[in-house]
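Novice: Chains A and B are the protein sequences, given in the same order.
Position one of the first sequence corresponds to residue 1 (my numbering), numbered consecutively onward.
Position one of the second sequence corresponds to residue 1 (my numbering), numbered consecutively onward.
Simulated from the structure, these hints should not be mistaken for laboratory data.
Everything numeric in this text was worked out from a predicted model, so none of it was measured.
Any given hint could turn out to be false.
Said to hold, decoys possible - Computed list of lysine to any residue pairs in SDA-like fashion (alpha-carbon distance at most 25 Å, straight line):
#1 A:Lys340 / B:Arg212
#2 A:Lys332 / A:Ser133
#3 A:Lys241 / A:Phe218
#4 B:Lys267 / A:Arg388
#5 B:Lys12 / A:Ala312
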Amino acid sequence: MSPMDEFKRETRAWLQANCPQSMRTPMPEDERCWGGRGASFKNPDSALWLARMAEQGWTVPTWPRAYGGGGLTPAEAQVLEAEMSTLGCRQPLFGFGISMLGPVLLKHGTEAQKQAFLPPIARGEIRWCQGYSEPGAGSDLANLQTRAEDCGDHFRINGQKIWTSYAHLSDWIFCLVRTSSERKQGGISFLLLDMQSPGVETRPITLISGASAFCETFFTDVKVPKSQLVGQLNEGWTIAKELLQHERGMISRIGRAIGGAIPAVETLAQRYLGDATGRISDPVLRDEVTRHAMNERAFELTMQRAGETSAAGTAADGLSSFFKYYGTEQNKRKFELILKCAGTRALGWEGEEFTAEELAICRTWLRSKGNSIEGGTSEIQLNVIAKRVLGLPD
Amino acid sequence: MLILDDTQTLLKTSAADFLAARSPVKALRALRDAGAPEGLDHALWQEMAGLGWPGALIPEDSGGSAIGYKGMGQILEETGRVLLASPLLSSSVVATSLLLEAGSTTQKEIWLPRLARGEVRAALALDEQPRHAPDVCQTHATPQGHGYVLHGAKCFVPDAVGADLLLVVASLSPDRKVEEAVAEAGIFLVPANTPGLDCTSLRMVDSRNAARVELGGVELPDSARLGEGSPVRQALSFALDAGRIGLAAEMLGNAQEAFDRTLRYLKLREQFGVAIGSFQALKHRAASLYCELELTRSAVLAALGALDCARDEVPALASLAKAKACEVIELMSNEAIQMHGGIGMTDAEEIGFFLKRARVAQQLYGDASFHRARYATLMGY
Ligand SMILES: Cc1cc2nc3c(=O)[nH]c(=O)nc-3n(C[C@H](O)[C@H](O)[C@H](O)COP(=O)(O)OP(=O)(O)OC[C@H]3O[C@@H](n4cnc5c(N)ncnc54)[C@H](O)[C@@H]3O)c2cc1C
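Bound-form chain A, shown alone (with noise of 0.2 Å):
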């Protein structure tokens, strides 16, 4: 037996003994753990699982074992999702603290900042949110206008943020702030701090959805000690980049990733318009819903294939933003087929009269016109490649 097949062994073991039963389950949107320091579990099997993860390090599977991590190399790190996925084992801990911060605090913060932070990000015990949009800063990200001032041994912050996802749940922020005037890009610096510090406010806006997920941020004299800067002063704009291709990840992932909790579009073509053998009656739907699913396949097929890319060395550039253009876009795709499978059923907002499943289609329908617009709209996405990847001039 070779090594991988040793370890795709141990890890299908491990996690037949150690993924509660509840955990195998489609996970249904209140049930994703975010962890942080007022994390409630509204299933006790939730904290269960991720406890018992976080002790493995395989909430981030990659990290180093110093930090948190799991230690395993990429082609282990497959293996293990796909033994996940295999079993139905729901992902124990989201949020930015792994997906973005870990990942570029890994590469560019000093050793104590690692110490500090990386851990309690692996176990889930400090909730993170991203302070970069501001009012007159959106695409345009870097000219935003929050200011930190040199105050010796710290950093004095005014200015406000907005759009900033679960900013009223969150522990930490990690920030992009303005520390010249001199140049636009650099000037800008990547800051860490406590959401607990004196003077910073948050106030929640209600979505479309009806959710509260992201809040106006505003900050007045904060203080922030200079050991909380990550990188060197007025370079933070490079950081802030690569942390985008983290979030863009994330997010082309995201569709898939609650895709657990509503079925494929076909199954509920069919469920809504199949007759007696299943067929979708509708010729048109059928065509629309047969589309989407073979673009689905294939979007499938291309991240397997930019991860045995990658694994053999030779990534390609700004794939992030096809992956985060394309998914976003496909997913905004899948929920407007749903709407017209469904009909009326799909257009529920509240009340017993609807199921649980049709209440969420039509709220996740919503929250869907976001994903091509957070993390970078559609458009910047489509001029990153244009620039990046197909070398078209300004």
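Dock chain B with the ligand against chain A, hints included.
Specialist: Using the frame of chain A, we list chain B with the ligand on its own:
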């Protein structure tokens, strides 16, 4: 695996180099202008045989080079880039796969080594309708003595002109019920010089070889029946899928080349004092074409891999690959002309050749809507 191993990568680059040197797009123009219905450079075909291409799917002990489907797909992609006119797909993939799958030992012994050496070119005569409809078969084979008599017509047979051997699908259903036509089909090996076989060249927009074939009482011995009586339906289905996947690889090459040429033009052509590639309306369309090409490439690679080593996945992946290839090549060829502006409309500029081949390739072995419907049926919805 959706990526190439070292041998396949080498095969692809050497095929690209060979074809760029020996058969650039202007070779197709020359064949078209010469007006020969066969549309084939015989010397080039012999060189291809020397490289083992016609024998790519044939085992070494039958004289082949055993390159396999995935390797053959790389060659076909490169032939798509230069719009090579050759029977590599029709003879060396479709007809050869059919013989490999369903041929009797004797039939294989007779034909495979000669196919591998490129001495014989074979063509599958199947379609009787303007749109691919493999289940429709009115061509009929009636048993007679120690053989059969064939009557009927095939409206579009790729690479039939000059082919040495036709593989003719004919119904054996005694009462000529159309529903049973394919379930009870036989496939007959008909040498080109058999009396009663009539082949009329079709001058197609892509300047490639195709013909209408008529069978007016073609008399054949028992031994001409493929598989000598064993069922051939599955073999036909597999060979068609191999053709669809191979063609999807060719179409990927066509679309990729049209894309690369268009991209070069976007960087070169200036209007309003800047390169037209700086206009966002064009950038975004180019970026979205790039995404579509990447998806198609993944589908083609997965399907090629399945032909070699995951046969139960072949039907669905063949339809996925062909449908995606059809969609992307239609979009790509239209955008290529549009983004070239007036020059794209001229015969002197080569981009039009890509458009012309694209549409014929789309129709061949089923277009996007054919394959979406088939995929849905295979998936049970
Ligand atoms: C659900 C959700 C969650 C979010 N979470 C966070 C978060 O946690 N932290 C955070 O910092 N931010 C967050 N954001 C903000 C997000 O990053 C911004 O909304 C996004 O970058 C777009 O900025 P904007 O809203 O100002 O739109 P604008 O930039 O004003 O864009 C408006 C429109 O103009 C188009 N446009 C703009 N520039 C160009 C161009 N150069 N070429 C072509 N078209 C262009 C855009 O594509 C868009 O269609 C979130 C957003 C959403 C929707």
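Novice: All hints, please: hold or fail.
Specialist: Evaluation of the provided hints:
no.: 1; hint: A:Lys340 / B:Arg212; in the structure: 44 Å, violated
no.: 2; hint: A:Lys332 / A:Ser133; in the structure: 23 Å, holds
no.: 3; hint: A:Lys241 / A:Phe218; in the structure: 23 Å, holds
no.: 4; hint: B:Lys267 / A:Arg388; in the structure: 14 Å, holds
no.: 5; hint: B:Lys12 / A:Ala312; in the structure: 18 Å, holds
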